[in-house]
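Visitor: Sequence:
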Amino acid sequence: MMHGPVPDQKDHSEAATGNPLVAALGRTLALCNSVIVVFAALALIAACVILSYSVLGRALFHSPNYWQDEAAVFLLVGATFMTAAYVQGQRGHIGIEAFVGLMSPLANRIRLWLVDVASLLFCAFFAWKSWTLAHEAYVDGQVSNSMWSPPLAIPYVLMALGMTLLCLQILLQIIIPFAGASRR
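At position 45 of the sequence shown the residue is numbered 45 (UniProt numbering), and the sequence of numbers has no breaks.
Keep in mind that the hints were calculated from the coordinates and are not lab data. Errors might be hidden in some of the hints.
[Claimed, not checked] Simulated pairs of lysine to any residue, SDA-like, Cα-Cα distance not exceeding 25 Å:
#  : residue 1 : residue 2
1  : 129       : 103
2  : 129       : 108
3  : 129       : 71
4  : 129       : 139
5  : 129       : 151
6  : 129       : 52
7  : 129       : 19
8  : 129       : 101
9  : 129       : 140
10 : 129       : 150
11 : 129       : 100
12 : 129       : 106
13 : 129       : 62
14 : 129       : 107
15 : 129       : 110
16 : 129       : 143
17 : 129       : 46
18 : 129       : 109
19 : 129       : 56
20 : 129       : 157
21 : 129       : 142
22 : 129       : 58
23 : 129       : 117
24 : 129       : 29
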């Protein structure tokens, strides 16, 4: 498991300073991710409050709940997918680093680049499918099967936006070595 930067990686604050376009993309994405993290934290708190209210309402007042579970799920889906780019920017996803010590620094850089390319391909496919699901849900007016019936386009758009941001973050990490800066 990876608990910090790989030895051949430097602090991301220095990344991509050689290319103004890449540096601007990195700063913009970092700012966007920072704002999203704040809203995701609020969404997690809101989900906790909603679920606590749901449990207490059922236990104490025997009142039915029609919307609490789905509202909490929508908030959790949004928080999970929208913060994926932030986590990737910190290289906080779980990674198995069994070969780092066995490989040369050049081989490790190539390995990281290949993993990033494979991750980008998977995430791009996931983002594309999420956008098609969101479009279909919006056009067809799809709603959930509960009494509350919120539109399904909401979680699909959150998934699609989050995966698109993740693709941008991974793409940035792929092009940074070609911009003359160290990778993170």
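Visitor: Now look at each hint and say whether the structure bears it out.
Guide: Here's how the hints hold up against the structure:
Taken as a hint, the residue 129 and residue 103 pair is broken in the structure, with Cα atoms around 36 Å apart against an allowance of 25 Å. Annotation: proposed proximity of residue 129 to residue 108 is violated, straight-line Cα distance about 31 Å (limit 25 Å). Note on residue 129 and residue 71: the hinted pairing holds, with a Cα-Cα distance of about 23 Å set against a maximum of 25 Å. Restraint check for residue 129 and residue 139: the C-alpha separation of about 15 Å stays at or below 25 Å, so the hint holds.
Straight-line distance between C-alpha atoms of residue 129 and residue 151 comes to about 18 Å, which keeps the hinted pair within the 25 Å bound. Only pairs whose Cα atoms come within 25 Å are accepted, and residue 129 paired with residue 52 is rejected, the gap being roughly 33 Å. With a C-alpha separation of about 32 Å, the suggested pair residue 129 and residue 19 falls outside the 25 Å cut-off, and the hint is violated. Only pairs whose Cα atoms come within 25 Å are accepted, and residue 129 paired with residue 101 is rejected, the gap being roughly 37 Å.
Among the hinted pairs, residue 129 with residue 140 is consistent with the structure: their alpha-carbon atoms are about 16 Å apart, no more than 25 Å. Between residue 129 and residue 150 the alpha-carbon distance is near 21 Å, which keeps this suggested pair within the 25 Å criterion. Proximity of residue 129 to residue 100 is assessed by CA-CA distance (about 34 Å); at most 25 Å being required, the pair is judged violated. The suggested pairing of residue 129 with residue 106 is violated, with an alpha-carbon distance near 35 Å, which exceeds 25 Å.
A C-alpha spacing of about 41 Å is found between residue 129 and residue 62, which places the hinted pair above 25 Å, so the restraint is violated. Between the alpha carbons of residue 129 and residue 107 the distance comes to roughly 33 Å, so the proposed pair goes past 25 Å and is violated. For the suggested pair residue 129 and residue 110, the alpha carbons sit about 29 Å apart, so the restraint of at most 25 Å is broken. With a CA separation close to 18 Å, the supplied pair residue 129 and residue 143 stays within the 25 Å bound.
Proposed proximity of residue 129 and residue 46 is contradicted: the alpha carbons are some 28 Å apart, above 25 Å. For the suggested pair residue 129 and residue 109, the alpha carbons sit about 30 Å apart, so the restraint of at most 25 Å is broken. Distance hint between residue 129 and residue 56 is unfulfilled; the C-alpha atoms sit about 38 Å from each other, more than 25 Å. At most 25 Å may separate the alpha-carbon atoms for a hinted pair to count; residue 129 and residue 157 meet this at roughly 11 Å.
A hinted pair counts as satisfied when its Cα atoms are at most 25 Å apart, and residue 129 with residue 142 qualifies at roughly 16 Å. Taken as a hint, the residue 129 and residue 58 pair is broken in the structure, with Cα atoms around 37 Å apart against an allowance of 25 Å. About 18 Å separates the Cα atoms of residue 129 and residue 117, which keeps this hinted pair within 25 Å; it holds. For the hint pairing residue 129 with residue 29, the CA-to-CA distance comes to about 22 Å; that is within 25 Å, so the pair holds.
When held up to the earlier numbered hints, the structure conflicts with 1, 2, 6, 7, 8, 11, 12, 13, 14, 15, 17, 18, 19, 22 and fits the remainder.
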